[in-house]
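Model the placement of chain B on the given structure of chain A, informed by the hints.
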Amino acid sequence: MFLAAEASSSTSRTLTITLFLVFVAITLGITIWASRQTKTATDFYAGGRQFSGFQNGMAIGGDYMSAASFLGIAGLIALYGYDGFLYSIGFLVAWLVALLLVAEFLRNSGRYTMADVLAFRMRQRPVRTAASVSTVVVSIFYLIAQMVGAGALVSLLLGISADEKFLGMDAGTAKVFTIILVGALMIVYVVVGGMKGTTYVQIVKAFMLMTGALVMTLMVLAHYKFNLSTLLGDAAAQSGKGAAFLEPGLRYGVETAGDATKTFYSKMDLLSLGLALVLGTAGLPHILTRFYTVPTARIARKSVLWAIGIIGVFYLFTLALGFGAAALVGGKAITAQDKAGNTAAPQLAQKLGIDYLGGDTGGAVLLAIIAAVAFATILAVVAGLTLASSSSIAHDFYASVIKRGNASERKEVGVARISALVIGAIAIALSIFAQSLNVAFLVALAFAVAASANLPAILYSLFWKRFNTAGALWSIYGGLLSAVILVFFSPVVSGSATAMFPNQDWHWFPLSNPGIISIPLGFFFGWLGTVLSKETDVEKYAELEVRSLTGHGAH
Amino acid sequence: MPATPEKYLEVQNSDEFSRLRHTLRRFIFPTTIAFILWYSLYVLLSAYARDFMAIKLVGNINVALLLGLLQFVSTFVIAWYYSKFAAEKIDPAADDIYNSIDGDRRAPSSTTEEGSVL
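Protein chains in written order, with the numbering used here: chain A, 1112 to 1666; chain B, 338 to 455.
Just so you know, these hints were derived from the structure itself, not from any lab.
Heads up, some of the hints might be wrong.
[What the hints assert, rightly or not] Using 16 Å as the maximum straight-line C-alpha spacing, the simulated EDC-like pairs for lysine to aspartate or glutamate come out as follows:
(1) Lys1576/A <-> Glu1650/A
(2) Lys426/B <-> Glu353/B
(3) Lys1651/A <-> Glu343/B
(4) Lys1651/A <-> Glu347/B
(5) Lys1413/A <-> Glu425/B
(6) Lys1443/A <-> Asp1345/A
(7) Lys1576/A <-> Asp1648/A
(8) Lys1378/A <-> Glu1366/A
(9) Lys344/B <-> Asp1154/A
(10) Lys1150/A <-> Glu1523/A
(11) Lys1522/A <-> Glu1275/A
(12) Lys1413/A <-> Asp428/B
(13) Lys1576/A <-> Glu1646/A
(14) Lys344/B <-> Asp439/B
(15) Lys1150/A <-> Glu1520/A
This is chain A alone, in the form it adopts within the complex:
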């Protein structure tokens, strides 16, 4: 209903595209500047390790706050109320794992990739291969989810209806075009700008996102005279769900009357999701590589503190945006635009603009700004993912496995650039193939794999003296396969109306989220593999432990 007004819709569309192009122009400018500053491998992989705690904290925020957490969580809150909030809490608490157990030690021990730490005291080739496989799998899952999301968003954000042509494209073509455009831009950022360019793109995006969310939050709160209770009451009333809107259970852990088994699994699914969200973050390769961009472990600590502040405040904003959208736009109008609620935040922007910034034009302007922010958000995240996976292919697989540590730095960076191109091309192709499938579960799967495969290996590496090559391989492959196999046989892939393949049914695993099984399995396999092998490298562990705690010998 809001996007229907012809004139304002076309103004808004032009403005969205203009603003987005301005963002692209600025970031490409930064990328070219960054490429001139990128001379060594450390520049390419770690941005020269010269970023400040605040800069890296912003970049972490820019890397982490994906479209799923901006549009997705605001939409979840707008449609399901309290349960959307539950999701964002997992995303935030997760940062304590990174702060207390991972960031500083990883920064001290490693150089460019997660595998630097995992392989420190192990046999290099098998462990780096495993880490590289897991890095690429996690990144590709996440990439496809983001890029398919971008394709779906473009017609919604630009308001292209099914029977309409836009710049000579129908909605389907516009979708494919967007996926290719996003993919091409992320490749350029990474290949040309390396970590430096990517970091600045993320900083700019984080700034835009925080500003946009802050302005909208203030407008929503001002509308309710800063009375949270009135906002909540109005949201519950307008959502069409009443008091239940402010209570748990509309989206996660749904109770089905008379079906105890279904209710049980639904609640287990909620616990499983919560576990994967909290334990996954500290195992995401694109997050881990961010800790290498600062000079010391203490600055890495500071950057995580900034990140916790920025991300926490952002999720508080999404709370206001989600409830604001429910209250001011209404559940009906949101689902009419998009059943998943992804347009709740942009619709709220339009409504606020109409009410407070001078009618239709104001609405069009604010809508355009938020839509452009959403595209910027997607670009910064996919660039981070592409960089992390291409770094791992070049530094772990090419330099250590194929060249056995004898590759020149120049050659290695060259391979990283080519890998970014290849990963980007694969992600574009898979996303186009998957665009009509429901792949929203891939974000949760990426977190589950990171928590099941990477986190056990990282924690054992850093803190368990006895840990060895076999343990590392067992935990990475064991955790990875458990998570992927369980999801493959779960209702998100087949056997339900919202599945990736809704018309087929080969599912036997009852949960959508594998975490509650696959995370303990990852830790168990890591332990089992370790005790079944006699290998231990006491000297290398001494070096790793002293280095991780004191920074002695750190890069």
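Relative to the frame of chain A, chain B by itself:
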């Protein structure tokens, strides 16, 4: 520059390093367990104690929302307290050990002002 393997073993087995490791682990491991239990409690209450979570406290603000906001507060507090703890208890000890590793390799006189031969 990394030191020799023997040196790292010696440092790892030193009392100072054991104390540092002990101080650090005694903070990070229990804190991690505590916040994961606290978060799990919150998720479990959301799943199984819905009547409790629905109790209204002030206006439309119920227990569920308050507990959710408290998760934010506890996250911020733990992060702040850890940074304070690390700056006071961990960093100085880590610096001492760091310097002692290099100090032994260099001429002893160059490490401190007082010990200077000049």
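CA of Lys1576/A to CA of Glu1646/A, is that 16 Å or under?
holds (11 Å)
Are the Cα positions of Lys1413/A and Asp428/B separated by 16 Å at most?
holds (13 Å)
Within a Cα-Cα threshold of 16 Å, do Lys1651/A and Glu343/B meet the stated pairing?
holds (10 Å)
Has the given pair, Lys1576/A with Glu1650/A, been kept, meaning a C-alpha gap of at most 16 Å?
Given pair Lys1576/A, Glu1650/A holds - Cα atoms ~10 Å apart, limit 16 Å.
Checking one constraint from the list: CA of Lys1443/A to CA of Asp1345/A, max 16 Å. Satisfied?
holds (14 Å)
Are Lys1150/A and Glu1523/A close enough, with their CA atoms no more than 16 Å apart?
holds (12 Å)
Below or equal to 16 Å on CA atoms is what counts here, so check Lys1150/A against Glu1520/A.
Status holds; Cα separation ~10 Å.
Check whether the Cα positions of Lys1522/A and Glu1275/A lie no farther apart than 16 Å.
With a Cα-Cα distance of about 49 Å, the restraint between Lys1522/A and Glu1275/A is violated, given a limit of 16 Å.
Given the hinted pair Lys344/B and Asp439/B, is their alpha-carbon gap at most 16 Å?
Holds - the C-alpha atoms of Asp439/B and Lys344/B are around 10 Å apart, at most 16 Å.
Has the given pair, Lys1651/A with Glu347/B, been kept, meaning a C-alpha gap of at most 16 Å?
holds (13 Å)
Between the alpha carbons of Lys1413/A and Glu425/B, is the straight-line distance 16 Å or under?
Roughly 15 Å between the alpha carbons, so the hint for Lys1413/A and Glu425/B holds.
Below or equal to 16 Å on CA atoms is what counts here, so check Lys426/B against Glu353/B.
holds (13 Å)
The earlier numbered hints that this structure contradicts are 9 and 11.
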